[in-house]
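J.: Residues per chain, in single letters:
Number of protein chains: 2
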Amino acid sequence: MATIADVAQAAGVSISTVSYALSGKRSITATTRDRVLAIAEELGYLPHASARMLAANRSNIIAVSEPVHPDTDDSAHMAFAMETTKVARAAGYDTLLLVHDDALAGMRRSAATQLADGIIVLDVDEDDARAPLARTLACPTVFVGLPADTSGLVCVDLDFEAAAREAVDRLVDAGHTQIGLISHRHETLDRGSNFPLRFLRAFVAHAQARGVDAAVTHPQGHTAEGSIRRLLERLPGLDGIVLNTTADVAATVTPVLAARGLEVARDVSVIAAGVSFSTARFAVPFDTMPLDARASCTAAVDLLVAAIDGGDRTPRIVLLPPTYIDLGSVASRAPAPEPLGQVS
Amino acid sequence: MATIADVAQAAGVSISTVSYALSGKRSITATTRDRVLAIAEELGYLPHASARMLAANRSNIIAVSEPVHPDTDDSAHMAFAMETTKVARAAGYDTLLLVHDDALAGMRRSAATQLADGIIVLDVDEDDARAPLARTLACPTVFVGLPADTSGLVCVDLDFEAAAREAVDRLVDAGHTQIGLISHRHETLDRGSNFPLRFLRAFVAHAQARGVDAAVTHPQGHTAEGSIRRLLERLPGLDGIVLNTTADVAATVTPVLAARGLEVARDVSVIAAGVSFSTARFAVPFDTMPLDARASCTAAVDLLVAAIDGGDRTPRIVLLPPTYIDLGSVASRAPAPEPLGQVS
DNA sequence: GCGCTCTTTCGAAGCGCTTCGACGATGCGC
DNA sequence: GCGCATCGTCGAAGCGCTTCGAAAGAGCGC
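Line order of the protein sequences matches chains X and U. So the first sequence is residues 36 to 379, counted in the working numbering. So the second sequence is residues 36 to 379, counted in the working numbering.
Do not rely on the hints blindly, as some may be mistaken.
If several chains are the same, the list does not tell them apart, and a pair holds so long as it fits within one copy or across any two.
To be verified - 25 Å max Cα-Cα, derived SDA-like pairs, lysine to any residue:
(1) Lys60 <-> Ala147
(2) Lys60 <-> Arg144
(3) Lys60 <-> Glu77
(4) Lys60 <-> Leu89
(5) Lys60 <-> Ala45
(6) Lys60 <-> Ile39
(7) Lys60 <-> Asn92
(8) Lys60 <-> Leu267
(9) Lys60 <-> Arg70
(10) Lys60 <-> Gln44
(11) Lys60 <-> Ala40
In case anyone wonders, no lab produced these hints; they're calculated from the structure. None of these values were measured; they are calculated from a predicted model.
Model the full assembly from the supplied sequences, consistent with the hints where possible.
T.: Structural data, given as structure tokens:
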């Protein structure tokens, strides 16, 4: 519990000299500085956190808002919180955890009391109440995931266009010729959500570019029943499905296919792309391109620190390249047709 | 960003009157108090966190130390961190998350800088480096789980004796007559760890009380191979196994039994008791009596708050009654023999 | 009506730090 | 040798709050 005054006295210098010697914000003679540092070390001096916060008007604390919804995948979200904490610490910040109902209220509180210098928002919903809140806060905030209306916000998310293209490539490269996309519900797109549309357009364009038959449906309700029926009507030889939809719909894909005598991988390959849920624990896991915790959190903390230190709060959306996780739901079809004119 | 001075001025009173009106630490006339509260509300006044911390010499922050070992079960530990945060918030504290290598260093740092009023230690190891550290810290600390040497510490853990008795009761009540305990390795017991011994003794005593044959082994290495062989030598009709051991050993039980043509539940019932790992995702899950996150964290935070507010830092070990999670690894044997003289 | 107690409010002193302005000392050019 | 800039250090203000002691006012008994 040594204070800066103790260090100053022991070193025979003034308090401000100690402060400058430790912070390096003004030049101090090498001999004085070394003596101060040695004594500080010897006394085990560490600045009192709240005194420093009050004087410097910054807390070196980042709040992490993570509502843990009932449908939240613990393991995935644990990873995000942990990664954020690790990266933040490396940047000199501690992290305050705001969960459940306090995920929202805690943001307001930690911003208003200036407990936190910045906020990282995890587990973002389409119509997340934290988005409008963040717009009113004086405290820099970065979202990991995109709410429907991203105006005025700083967000990090998966590059959906790239994910759509990679999903198409994977299927086509494995010999599939009739592929369908189960997108989000119409309501979701109508609500102003932009990424399903970005994904959808990239999917259609790239399927065309690769020369395969493609169809798109939007689920009605919370099952894939109707979507799969419609896909099969349009593409009787459907051999690949891309899921860019919600967890509830995705979870029904295997049983719905089974009811038609179709088996994942054997008859129809499936890839979930641009989704925030994990399919690893589905009865039949699907290949997935999810948000990558490490990459997302690193990018998010970097942006946040830039906003705190550099004052750069320009709204922006940073898109991360997708990572493909192979869980065996894509099987090789007949060998891809030889491109014309190639020597076999 | 209204300050207490703004509120005081708007209400036409002094700063100290506002402070007392808000904290209730001195009596203030009802009319004055109401006016102050109304104006504070109107201005959206919230006290500046660090100013309050500095003046009151307390941060209302609890640090949560959670090293996330490679073998840590994310989901289980997520639950502990989340529950701690929820309970702490309800008690008026925010939680600072300290993970990985910072789980140790962060404790020292947040205690020395008085960033945290108290520390909750999760994911406790037998020979946890945080135990000796906690003894040197001025900051109240509560462990969730028991290190080998608990002297001088405040700990919350499962009631191992009760868990051992319940495991025996479950097996005996289901008609089992030859039950074995796979305990911890000898090294673990030799290292001064007390709970395996407590479990073991309660197991032996209670098996005897219930009149069934019992045997105990300690694994060598990280497999159940030798233990199961020895149990079968001693109890050829072995029909129940209780696991109070490490995750690595527990994970090998099913294959080792299978190699001998024995199937869990059908031939041998298995219960894991007093363990900190989840068996839910084993290929064959075992009935378990684990530490209960909600109960443990509530007890831990209660103890910590008592230490912070009440100054009660008496070292103690609080034991929680076990909760039985039935995952189907215990089957009914021949009906339990009728007690003598009972009308059937 | 005087002195007493009790209640309500105020002023001021910190909490431990950062940071600004200033001051003495030193070194330089002329 | 004098003035000027530069460097290293110091003192003091202030961050926004809590809390202590005291002052002012009200109510009471005699």
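J.: If you check each hint against the structure, which ones fail?
T.: 8
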